[in-house]
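**Q** Could you slot chain R onto chain B? The hints should help.
Take a look at the letters that make up each chain.
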Amino acid sequence: MTRPSMLAVKRAMGLALAGFWLSAVALPAAAMAQTLMNGAGATFPYPLYSKWFDEYTKVDPSVRFNYQSIGSGGGIRQISERTVDFGASDGPMTDDQLKKAPAELLHIPTVLGAVVATYNLPGNPTLRFSGDVLADIFLGKITSWDDGKIKSLNSGVSLPKTPIVVVHRSDGSGTTYIWVDYLSKISREWEEKVGRGTSVKWPAGLGGKGNEGVAGQIKNTPGALGYVELAYAITNKLPAASVKNAAGKFIEPTIATTTAAAAGAANNMPADFRVSLTNAPGDTAYPIASFTWLLVYKEQPNEAKGRLLTKFLWWAIHDGQKYPSDLLYAPLPAPVVKQIEAKVKQISFHGKPLVAVR
Amino acid sequence: MIEVDAGRGGAAHGVPLPRAFFLTPRGSLWGDRVFQGVVYASVGLFVLVMVGIVWALVVESMPAMRRFGLAFVIGQEWDPVKEAFGALPFIYGTLVSSLVGMFIAVPLGIGAAIYLAELAPFWARSPIGFLIELLAAVPSVVYGLWGIFVLAPFLRNWIEPVLGRALGFLPLFQGPPYGVGMLAAGLILSIMTVPFIATVSREVLLAVPNTQREAALALGATRWETTWMAVLRYGRSGLVGAVLLGLGRALGETMAVTMVIGNRPEIALSLFAPGYTMASVLANEFTEATSDVYLSALVYIGLLLLAVTVIVNSAARLLVWSVGGTVKGIRE
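These protein sequence lines are chains B and R, in that order. Residue numbering for the first sequence follows our numbering, starting at 1403 and increasing by one per position. Residue numbering for the second sequence follows our numbering, starting at 3 and increasing by one per position.
Mimicking EDC-like on lysine to aspartate or glutamate, the simulated pairs with C-alpha atoms at most 20 Å apart in a straight line are:
1. B/K1501 / R/D294
2. R/K84 / B/E1594
3. B/K1595 / R/E79
4. B/K1747 / B/D1721
5. B/K1603 / R/D81
6. R/K84 / B/E1591
7. B/K1603 / R/E79
8. B/K1502 / R/D294
9. B/K1595 / R/E85
10. B/K1543 / R/E268
11. R/K84 / B/E1593
Quick caveat, the hints were computed from the structure, so don't treat them as lab data. On a predicted model such as this, the values are computed, not experimentally measured, just so you know.
Next up, chain B with everything else stripped away, as it sits in the complex (with noise of 0.2 Å):
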């Protein structure tokens, strides 16, 4: 190489060193006039929430969104604690924990779920349940795939003489609340010896971390039978167990049976929308379904924020509904979406509602 292109090439170096730095020092400046929303909570809508997230910088470049997905409970501690602009959680706030908050706050629900039972047994036929014959189960009074009464419900299925390995989940987690609300508001003797939790204190079986500890465990133990989410096991192929409605109907678990949940409920939606979504009325109905909700104040404490969070709100439960079905989340049903739009409308600064109303 020559003198005279060792010194271009030594240039060109110099000319990309400068540009590097150039862009590292630009970069934020540009970003500096986005503003940050930050959020913490609930990690099971997490993956629909980066994507709303991600789709919502498209449509509003000026918010940029911080979302740390460290629990429901560390998202109902965060903003009661104003450290964060929203929480997010998969349980609804309790009346003690709402007292505590030093401001009024909003339940805005999101999206739903809903929890399968899932087992291992030869073959893997499709079973039915009751919500009892569940709760009997995970009370540890059921042992026996055989027993007559999953028998009775499934009629036609040759259940083995297998003992009932339960798998339930050992981290605290809202699935594991939607599913003991269920079984709690089935089952007397579930209500008053266990209760509803992120975590409970568990009469029978095993504990998995996440759904995948749950289902792994499942995978690996014939006659085992647990609980996941339904985008879990619908993604994994697991078998899924229909489970007896209010109706009286069995109904298999899918995204718009979900739905079909919220819209049962759609006609005693209670104001705050703190409401459990099992065992919900309607004849397709799946009766183990819940709300995800986002926690705002009513009063924001901040206008050129709290105008963007409500955008933002609005755009979610409208044009963002179309998200959720491809990540199996189950959308918002219109009725529900419409009670929605006038919990937005009231978020407000200085008492001023921050939602242009259209």
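**A** Only chain R this time, still in chain B's reference frame:
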């Protein structure tokens, strides 16, 4: 070579080089002071961090301490819904799973170290040592997944039924074989701690001066007697350090254990039964703990985990010191 040359150079001026180095004015007191300051600061920093951790744990666990007192340590109930909390099943699970792990890992780890330091052909030492060290680099979640998908089914289908038939008269090996449980947790822990014990032990054995071996061999000791009496005894305190390092890892291991132990807060004698450890319950329930007492009870468990680690480590050291005094060495 360089050292020899330098030595000669120094000797040429009449003063040996090392002394010349220390006597030159640039190696002044000032440099020593700075060095001393840096060392003190780094030690002080760690003491401060430790104090800070303990302080934070105590403060955060105060609500649970006030409500449950010391009964928390012996309580066997863990019901987040009714807010009844006790730590005993978790303490039991942590101790037993680590004990099972060490029971397998100590002979394996020190055995591997003896092989690598004393017996292995020279060309094999580095590759085998490297492979063992590689085990330490595997993330614990990978061990956990391997535990769920390979180890647990293998235990359930093969090992546990056989153990149950052969040793079923012992309460340790009774009950239905789930695969996951205390035994699986102990096995995972043993695999995870072997590389620590083996690697540190090997370094310890390599540091034993050859004169020890030569002396023993000269006295007519066999290879085994040499290793046992001259090498292992000489490196005893280092080996204890290696084992304690492994034990520390076992007591605090979270992810892999959580995935295979079955997560059931119950005290069962059988190793086939599911259990729970302190680290696991923290990892499992911390994120979704909403009530103050619940959160505080979890922090209390964290404090107890720290206490158990300190107690177990001290006890192990004391045990080895007291036993070490009675074992007579080569001179007998």
